[in-house]
Every structure is written in C-alpha cells, then in structure tokens.
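Undergrad: All chains should be built: construct the whole structure from the sequences, respecting the hints.
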Amino acid sequence: MHNATALAKRILQQFRHDPRTIVMLVVAPVFIMWLLSIILGAPGYKPTIAVVGLPDQMVTALETNATVVQVGTGASVDPAGVLSDRSIDALVAMDGADLQITVEGSNATHNRASVSAVQQAVATLSQTAQPDTQQGPPQAKLDISFLHGSSEWSSFDFFGPIFIGVFVFMFVFITSGMSLVTERTGGTMERLLVSPIKAWQLVAGYCIGFGVAAVIQSVLVLAASIWLLKFPNEGQTWLVVVITFSMALVSMALGLLVSALARTAFQVIQLMILLLVPQILVSGIFDLSTAPRWMQILSQCFPITHGANAMRGVMLRGDGFGGIALDLGIVWAFFIVLFGLATLSFARRQTR
Amino acid sequence: MCAAYGKTEVLHNIDMELPPGRITGLVGPSGHGKTTLVSVIVGALRAKSGTVTVLGESAPPRRVKSSIGFMPQAEALYADLTGDENLRFFGALYGMTAAQMAERIPVVLKQVSLPQQGGKVVAEYSGGMQRRLSLAVALLHEPRLLVLDEPTVGLDPAHRVALWATFRQLADGGATFLVTTHVMDEAANCDTVLLIHDGRVLAAGSPDELVSVSGTANLEGAFLQFEASQNHTEEDGNA
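Line by line, the protein sequences give chains A and B.
Counting from 0, one number per residue, gives the positions in the first sequence under numbering that gives the first Met the number 0.
Counting from 0, one number per residue, gives the positions in the second sequence under numbering that gives the first Met the number 0.
Please keep in mind that the hints were generated in silico from the structure rather than gathered at the bench.
Among the hints, a few may not be true.
Unchecked claim - The calculated PhoX-like cross-link candidates involving lysine-lysine, where the alpha carbons are at most 25 Å apart (straight line), are: (1) B:Lys47 to A:Lys8; (2) B:Lys47 to A:Lys197; (3) A:Lys8 to A:Lys197; (4) A:Lys45 to A:Lys229; (5) B:Lys109 to B:Lys119.
These numbers were taken from a predicted model, which means no experiment stands behind them.
TA: Quick look at the structure:
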C-alpha cells in the first residue's frame, strides 16, 4: 500500500504545481452551472390572456400569473379576431357556468403557460370560495400539489445533480487520460513498470490520487452551487460527496483500462467522445420514460446512469443511504470489475 | 536470447554475461538493438525466447526489481514536479523510508554533480540537468545492477568525465554496470565492450583487446573493421 499512496501523493503534488488546471476544474463547472441556471432557470413565460365576462374574483386570480386584458362584455366576441395579432395568447370567456378557453396555439410554451395560468386561477378560487357561493368556480376543483420540491423549482434544479456527477466523471477521465499519455510518452510509465510496484498498487494509487482530487473538486463545485446559485439540496451533503467519489473511481478505472489505446492527447478526446458522451446522453438528462424499451435497458448498463440516479435521489428527494444503496452498489460493482480488468492489463505490461 | 516487437525480430541469439563489479558497455549505431536489449534485461520488454538471469534469479522475482537501477533513454521524469519530489516519489516506489531518502538524496545529487535546485520544477531544468537528475533517480536506492541507456547524451565534457569517475567508483564498490553509448571514446572507459550490430554481438572484449585484435588504432576503427568484415561474410553467404 506504501507504493500506492506514494503514487497518489505524486498525483496530488502534480495538481498543486498546476494552478491553472485547478482553477479550470472548479471555475469551469461553476461557470457552466451558472449558465445553465440562467438558461434553464429563467422565470416562466407570463402569458397575456384576454377575458370576456369573467367574475371579478376570477380576473384577480388570473392576474397573478398572466397579463389580463378585458375585451368587451358580451359572450359574442370572436376568438379569431382577438387572437389574430398574436399579442394575446388565449381568450377566456364565461359561457354559463363553464369557462371556455381558446388558445392561440402556435407556441407550445405560451400554450402551456396560458392553460396553467387559468388552471391556477381556478384552483386559487376554489380554495377561497365558500361551498354555497353562487359564483363559485364553475368547474371541478383542481388539486395540484407537489410531492417533492415546489412549483418554484426550475428545470435547472432537476438537471443540476446529474451535471455535478457528469462533471466529476469527465474531469477524472480527461485529466487522468492526459496524465497517462504523458507518462507513456515521457518514459515514466516504463520506469514505473520496471519498479517493484505491483499492478494493483499502480491502479489503486491512481484511483486514490484522482479520487481525492475529484472529492475536492466536487466539494467546491457543490458549495458554489448551493450557496452562490441557490441550488436546492434536500439531502445530506456527505452522501453527495460519497457518490461523486464513487463515480470518480469508476472513471479512473475505466481510464486506466483504456489507457493502452491512447498514445496522444487527441486520442484521449476521441475515447472520451466514444465512451463518455453516449453514456451522458442516456444518463437521465433526457427523460427516457417514453423512449424505446431497448434504450431504457441500455441506459441501465452504464455507471453514469446509476450515479446520476443516486445524485438526484439525495439532492432532490432527500434520500438517505438506504434510498441510494442499490444505485451506489451498482456503481461500486462497475468499479470493482473495471479495477480488476485494469490491474490485469497492467500486469500484462509488466513482464515480471 | 531473442527479442521482437510484433513480428520484427530485433535481437538475434544474444548471449552475454555481466561480470559483477564491472562496467560493461554496449556500443553500436542507433537502431541496432541496444535499447531493446536493456529493456529486456530490466524487464520492460519480454524476451521472445531464452532467459535473462539477474543476480542469480531467472527473470521473474519482484525482489530482484528493487536491486536494479534503470535509466531509460528518455528523461522519464515528472516535468511538473520538483527534482526533490521526483526523487522522493521513485524512492518510495522502491520502498525507501523518508529517513533513508533524506540521507541518500544529497549523496546521489553529489554523485551526479547536480546542486540542490530548491523548489524549481524539472521543466525549468536544462537538458543536461534533467539527464543528471534522471541518473540520480536510478542511483537513489543503491541498486546492485545499474542499467543506463545513453547516460551521457547531451552532457558537456566536464560532467561526462565526472560521471564516468562516479561509475568507476561505484563499480569498485561492487555495483555492476551495463551502459549503452554510441560514442566510441566513452566506451574506452568500460571494462568490457560489446559491439552490437543489427541485433547481434559483433565482438566482445576489453577495449584494448578489441583494438589489437582488429589491428586498428582505436575503438572506432575496430568497430568499422568488425562491421566491414560482418558485411563481407553476409555477402559471401548470399553468393
């Protein structure tokens, strides 16, 4: 183990001498997270809704989520006429006891925003209205509630945990891949292989070194995400760090296993595109519940998917260790298998 | 012993012995198998056939590995670490304790005539300094067998002379040396010289023997003489 820790220490020393890389590893993910929080976390679109003959209470309720324009008083307004110039997204008219909603229809976001604004207005009214009031809500009570989080959550909050896991995985793969290429071309790998270090110690040393570096990175990125970007974290932070550390180990073992295939930095990038990008695409960034069955099964065959699942479990659902044990166990199973294969491949390169 | 990269056989039936406490030189032009030969001896490359016996153990045992000091042809240092960090990393790989290293590091730096560089990373060293540090790494754990691939390339004459004096001193202390070089007058410092040509041993003997057997004025002449006779034999064989 002495050999392995010496190797791990050397890797961390190399990081210390390379402040640019350290800055890149922390600043770049935080910057990307910030960009995502702006893009995905933008406030929802506020629709403009025209109303005809709605009770005052209803109009007030609508105004919290939409810009309301009164058009006429009768029910004889022609929807086509009102919506034609596209400055108005929907027309809501009272038809006896029913609400008639006519949506402009050419913009999916605007449609959804309009319908949900009306639904929310109805829901608000039904909560405050007396059961025997004549002017009560004309439709069945709408009951929208959130099991986790709230209507305040933006898309960014759902993607964030996956991205933190993916960053760690990519960072370890790229930096360790480059490091291994340098060792190979510079001749230090030859020196390592003729030294008394055992193959498993070599693999373990690399895993510890980059594992520790990944933990430091993920702690800093997490801290910035939670405090600067107001990222919601429902669970225990140490569990998140356990998951990122586990993902770093898998990435390192995978990198060591395929390191024999890369002789140049460019080939490291090629391997990353080949091995990592498909995994990331099916890891949960896109919802696969309507994807073909084989795609759903395929996504379960990759370690990033399980790491991302566990990340979301802790950060969004507040899962404890029990809740993520299965996913974490699968990540570790990947690690153990890859560690074994990487050790075998290095043992083959060591002739004695 | 034979060695090959893929299907290209680089070494053919090499049979050699390194006498303990002696400096053996491998001399020959680049691309004729010197590096391949030392790679097989230190265990960086597997022999296609035949065996390598190091310090009485035939190839495998791990304990023998810590008795070998290897200086590859490439610098083989971590350019982003300081010299001290490089030495300590390789020392730890060879199982040295911090106390042992604290004692040995000043000694080897003196042996390779490299002054302490403080916090300077290796990337800022000159080529010659890197070469000497690389040699210091090979010497650090007091190996009994030293395999040095072109140790003096890129060094100025003063350092070159100093290094050969160090080699001689260590050999007198019992260390066994295998040194490759393509500079003939350096080979004159060796006890035994093997002339390598096209993956074969053309001739072996002390520098003086080789010169007198070939009837030439110096080693360079001897090498050319042996090379010419080799080519002559091949032509005869083809005819």
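Undergrad: Against this structure, judge whether each hint is valid.
TA: Hint check:
1. A distance of roughly 36 Å separates the Cα atoms of lysine 47 of chain B and lysine 8 of chain A; the hinted pair therefore is violated under the 25 Å criterion.
2. Our distance criterion of 25 Å between C-alpha atoms is met by lysine 47 of chain B and lysine 197 of chain A, whose separation comes to about 23 Å.
3. A hinted pair counts as satisfied when its Cα atoms are at most 25 Å apart, and lysine 8 of chain A with lysine 197 of chain A qualifies at roughly 17 Å.
4. Restraint check: the Cα-Cα separation between lysine 45 of chain A and lysine 229 of chain A comes to about 23 Å, which is no more than 25 Å; the hinted pair holds.
5. The hinted pair formed by lysine 109 of chain B and lysine 119 of chain B meets the criterion: a straight-line CA distance of about 18 Å does not exceed 25 Å.
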